[in-house]
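Engineer: Below, each chain spelled out in residue letters.
Number of protein chains: 2
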Amino acid sequence: MSKEITNLRNENSGMGRRRFINTAALAGLSVGVVGCNDKPAAQSSPAAAASAAAPAAAGSHATASVHLKPGELDTYYGLWSSGHTGDMRVLGMPSGRELLRIPCFVPDALVGWGITNESKQVMGTKPDGSLRYMVADTHHTHASYKDGNYDGRYAWINDKINARLARVRLDYFICDKITDLPNVQGFHGIFPDKADPVDPAINYTTRVFCGGEFAIPLPNNGADANKPEKYHSLFTCVDAESMEVRWQVLIDGNCDLVASSYDGKLAATNQYNTENGVHYEDMMSAERDACLFFNIARIEEAVKAGKFKTYGSSKVPVVDGTHEGNKDPNTALVAYVSVPKNPHGVNASPDAKYFICAGKLSPTATVIELAKVLDWFDGKLEKLDDSIVAEVELGLGPLHTAFDGRGNAYTTLFLDSQVVKWNVDAAIKFHAGDKNAKYVVDRIDVQYQPGHINGTQSETRFADGKYIAVGCKFSKDRFLPVGPLHPENEQIIDISGDKMVLVADHPVRSEPHDFVIFKRDLLKPKQVYELDDSPIAIKDPKESGVFRNGKKVTVKLTSQAPAFSLREFTLKKGDEVTLILTNLDKVEDLTHGFAIPKYNINFIVNPQETKSVTFIADQPGVFWAYCTHFCHALHLEMRSRMIVEG
Amino acid sequence: MSKEITNLRNENSGMGRRRFINTAALAGLSVGVVGCNDKPAAQSSPAAAASAAAPAAAGSHATASVHLKPGELDTYYGLWSSGHTGDMRVLGMPSGRELLRIPCFVPDALVGWGITNESKQVMGTKPDGSLRYMVADTHHTHASYKDGNYDGRYAWINDKINARLARVRLDYFICDKITDLPNVQGFHGIFPDKADPVDPAINYTTRVFCGGEFAIPLPNNGADANKPEKYHSLFTCVDAESMEVRWQVLIDGNCDLVASSYDGKLAATNQYNTENGVHYEDMMSAERDACLFFNIARIEEAVKAGKFKTYGSSKVPVVDGTHEGNKDPNTALVAYVSVPKNPHGVNASPDAKYFICAGKLSPTATVIELAKVLDWFDGKLEKLDDSIVAEVELGLGPLHTAFDGRGNAYTTLFLDSQVVKWNVDAAIKFHAGDKNAKYVVDRIDVQYQPGHINGTQSETRFADGKYIAVGCKFSKDRFLPVGPLHPENEQIIDISGDKMVLVADHPVRSEPHDFVIFKRDLLKPKQVYELDDSPIAIKDPKESGVFRNGKKVTVKLTSQAPAFSLREFTLKKGDEVTLILTNLDKVEDLTHGFAIPKYNINFIVNPQETKSVTFIADQPGVFWAYCTHFCHALHLEMRSRMIVEG
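Going down the list, the protein sequences come from chains A and B.
Here the numbering used here is used: the first sequence runs in plain steps of one and ends on residue 646.
Here the numbering used here is used: the second sequence runs in plain steps of one and ends on residue 646.
Heads up, a few of these hints could be off.
[Unchecked claim] In silico negatives: residues of chain A with every beta carbon more than 12 Å from chain B:
hint	residue
1	Glu98
2	Asn203
3	Lys307
4	Pro329
5	Lys429
6	Lys438
[Unchecked claim] Covered stretches of chain A (in silico footprint by chain B; criterion: 3 or more residues with CB under 8 Å from a CB of chain B, positions within the stretch not fixed):
hint	segment
7	72–81
8	112–119
Don't read these hints as lab results, they were simulated from the structure.
Ideal Cβ positions, reconstructed from N, Cα and C, are used throughout, including at glycine.
Can you build the whole structure from these sequences, using the hints too?
Structural biologist: Shown next, in the form of structure tokens:
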């Protein structure tokens with residue numbers, strides 16, 4: 001298959017090839033796989049061919065605008081996940097320039113994340129004080145909402161490996177909380193809610209929904225490893241403010257991506273493993289999988305009413321969202337809408353009407369009307385699948401969808417290495433029987449194998465249709481060779497006209513998955529900390545010194561360019577030392593660092609920030625603690641001599 | 001001072017202001033510093049005023065060329081240090097795009113650097129198997145030479161905090177060796193040699209020179225912390241191939257940056273702390289500091305002759321490079337050329353004739369003629385300082401110098417926030433008495449507080465004068481605000497014409513210091529590993545399995561998209577497991593990842609690469625190991641079920 005992917009891009013991308021692949025390629029998916037069960041699947045529709053458009057040629061009119069002149073500012077922020085690099089990235093758009101990496105789940109040597117006491121408290125430590133985890137796998141990042149737009153308070157990001165949810169404060173651009181999801185493995189999709197399902201006054205985010213991807217025996221203690229019926233996945237709700245887990249829903253099958261409705265009433269997850277298969281061949285055996293809809297108000301009523309279980313040592317209430325427990329629409333907590341084979345991606349349209357699931361192993365997108373899902377929950381729609389208002393062919397390997405606010409959707413085609421622009425209303429008309437409805441508006445080749453896609457303001461009510469970014473998983477020959485590990489290619493496409501125009505390639509460290517892009521005026525970051533942000537701030541250099549209590553020693557230090565308040569300090573071998581450093585410089589951008597050679601310590605203090613580290617002074621000698629963050633013409637001379645007496 | 005820095009850029013940058021600052025600003029350097037000793041220093045020359053040029057306005061002719069169109073490749077590679085982020089970065093130039101980060105000294109969650117057995121062996125571990133260090137502070141990166149140009153074999157990078165030197169293979173772009181420098185603290189400058197001083201057949205790099213910045217008592221065991229006469233710094237030579245430490249030189253004062261001559265005979269380091277001061281005020285008391293020249297052939301003869309000491313547990317021979325031991329030029333190993341106050345930076349001109357030291361606390365650059373230094377060593381030059389052929393005023397806070405191969409030098413002015421272009425021959429004439437020699441050719445404002453600078457091919461005999469990159473330590477308002485930690489600003493300037501033209505701002509994660517830029521055809525990277533690169537490669541999926549020897553278990557796995565060779569494997573609680581994974585995919589860019597939830601394991605295997613991890617199976621249950629590096633349409637389904645029986 002890998003060879004096939006490689007070759008696809010070189011071939012003629014006309015519909016003749018696509019049609020051929022539609023009927024034959026899915027068998028090819030298993031080429032080169034040892035011992036797998038070939039289960040060819042074929043799905044085709046005559047429509048896409050008729051409505052296909054030629055790929056757009058790159059025009060020059062748009063190119064200038066994404067290449068900012070020196071000193072020009074971007075007009076949009078982007079928040080990007082980083083995959084197993086483990087941080088959150090902040091980009092300026094449309095330039096695509098990376099402005100910041102926010103450490104969350106994994107250590108960051110620049111900031112001292114994983115080194116300072118404050119960061120270790122957020123990250124979590126073992127009893128011996130070492131970090132619980134040094135790896136993570138972030139996939140999705142989304143920000144808090146108010147009135148259907150971002151409100152600039154928080155963003156969240158997942159760690160798939162260890163089932164953790166991190167929150168980032170968007171004033172200081174720092175991670176302030178990490179929550180473990182109990183009894184979850186492979187925590188994949190996340191989405192904040194956008195309003196309360198019951199209280200109209202709460203028109204902002206108060207919950208974050210989290211999809212558990214890998215079914216495991218509950219509880220997972222080694223006893224039931226070989227009992228398939230014990231394997232389940234959980235859909236989790238975390239409180240946006242306290243970051244406590246509010247509740248979980250036990251489901252059949254698994255969760256993948258997550259979406260939430262603008263009215264707060266529904267959350268959804270696409271499900272690719274309806275089969276509950278444990279080998280990958282089994283996960284592809286069913287022709288249709290599902291998109292699950294969660295009725296938030298009913299779930300919270302059930303929790304209030306005590307209709308829940310708990311698993312293992314977790315106290316989190318778990319309600320029953322299985323097929324068996326949700327047969328009656330009038331009391332159901334969960335609805336299972338069927339969608340084609342192994343879907344990937346569920347996205348909410350900015351008109352608040354639809355969720356769109358992409359097919360992955362089916363060349364289709366499925367459009368589900370939310371009003372009809374609510375009708376089903378109210379007993380007004382007999383067949384749940386009648387909420388599907390379109391299921392149209394787009395091309396091979398459809399994954400994720402963005403929107404322009406003008407009624408068009410943009411879906412990545414992983415196997416075709418294309419983005420297809422299609423009109424949602426036209427797709428609905430086509431599905432209803434109007435075979436003249438040309439829903440495919442445009443196609444553009446991307447380089448190569450695109451995953452996530454997002455547009456400016458696309459995940460809000462205010463999608464503005466200026467640019468989309470496309471996360472291409474393979475870059476192959478688009479950049480200078482740098483050895484076996486290639487960068488990925490984040491491409492930027494101008495969507496302001498009828499034709500999509502590719503305007504930039506950006507190499508990125510693997511591997512951004514999802515991201516959001518929004519107008520810069522939605523954020524009001526702070527550039528300088530408040531001294532009172534830390535309860536242990538050293539507010540005056542005169543408070544500096546070495547304070548001893550037996551073997552416990554506190555060293556209090558301040559920094560003001562180009563010197564630390566203590567030119568030197570003396571410890572005794574074996575002391576348990578807590579060193580507190582407050583940066584008293586108030587000037588924006590005047591950050592200091594503090595490193596101690598051989599003691600595995602380095603961290604930064606931004607203007608007016610306080611940090612601390614705790615260590616055992618186990619090596620006697622002279623250790624030149626020094627400023628590691630260039631601050632001043634005399635930065636190199638900015639040192640403090642730490643003497644550890646033997 | 002920080003406020004002064006902030007304000008400087010807003011003021012008129014005419015020479016009137018500069019002259020005023022020249023005589024007054026150094027007192028201002030200590031503004032806001034608690035308890036420091038003000039030691040005003042004044043140095044001025046009437047020359048710079050006469051030869052100053054107006055800042056160049058940004059022209060449009062050059063702008064297009066640095067903004068590559070989608071699919072266009074860069075024409076130069078750049079290797080960048082990353083400061084206390086701890087990695088090496090590979091950039092494409094002139095686009096300024098980051099193509100790769102190569103983990104060296106600190107963990108990297110993407111690659112699994114610090115997680116795999118192979119990376120831990122390079123990084124170094126404690127007896128319990130945990131990493132010795134998770135922080136580092138890289139400053140300088142340089143590549144191996146042949147015939148005065150880069151030969152594409154290796155690059156080296158320093159860790160200042162823990163005095164370590166790392167080597168990067170430029171075929172696979174990976175770090176393969178890390179060497180500890182014994183008895184060194186604050187290892188700052190590095191430079192490979194460019195030829196052997198004796199054997200003309202060795203016209204390539206065989207040594208790497210390393211400057212120790214912080215003087216410490218030798219040995220540093222806590223006994224002599226309060227005896228200043230025991231404090232020394234060491235200049236270290238590491239073998240380029242074996243990465244063993246060859247020898248060290250004990251000097252008076254300290255080392256900072258390092259340079260090497262094209263003929264292999266001389267290495268040099270600038271010295272800012274001739275005073276051997278331990279408080280920063282003392283480090284500025286002398287009006288002149290030094291540039292030290294090391295006579296490589298003589299040092300190696302002395303080592304051969306057994307004229308050395310050793311310190312502490314180190315077996316490395318240390319020769320005497322102090323003033324006291326080097327009074328006779330005919331036998332001296334080291335020559336101390338005096339240069340103005342607290343110099344920063346020493347750079348070799350591409351015509352192989354000169355080393356240039358910048359003043360930092362003096363507004364001057366000092367040009368030292370290498371032939372004259374060699375004359376001194378040969379007893380043919382009476383006064384060593386007569387090797388200084390120019391000492392000319394450039395502006396405030398000169399730090400580093402790049403070259404265009406047309407006789408011009410480009411020096412960063414930290415305090416003036418400028419780059420000054422000056423002609424070396426004209427400077428020599430001016431210094432010799434020709435007051436009409438206009439050595440300053442051009443000035444350009446940069447944004448803001450520039451540190452390192454380098455040009456295309458600048459540190460080779462083949463400097464080509466196309467672009468310079470300037471590492472600006474402060475970006476202030478040049479990018480969208482992202483909280484208190486600002487990116488730095490790597491600016492790109494077109495130097496192909498008479499006037500410098502600023503063509504791009506690039507935000508970068510702190511903090512790149514030094515870098516080199518060279519033509520792309522000098523590197524021939526490999527895109528796919530050889531299976532035989534690893535002695536433990538699993539060359540056939542049929543070799544996969546779980547192999548038990550008591551409680552020691554080896555799990556052998558292969559990957560071929562979209563599956564691992566074992567769909568599941570079973571362990572017992574308490575097993576000591578070594579898991580070996582070979583990626584049998586051969587297609588370029590087809591990388592897989594391997595994560596085990598809750599076990600703190602994730603790493604990647606590039607095409608044909610083998611990695612291993614060792615862990616205790618201490619948690620019973622089902623753990624879905626999965627592919628973390630997007631590889632295929634069925635990537636999400638690519639899992640292996642690890643069952644740990646309780």
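Engineer: Name the hints, by number, that the structure is in violation of.
Structural biologist: Of the numbered hints given earlier, the structure breaks just one, which is hint 1.
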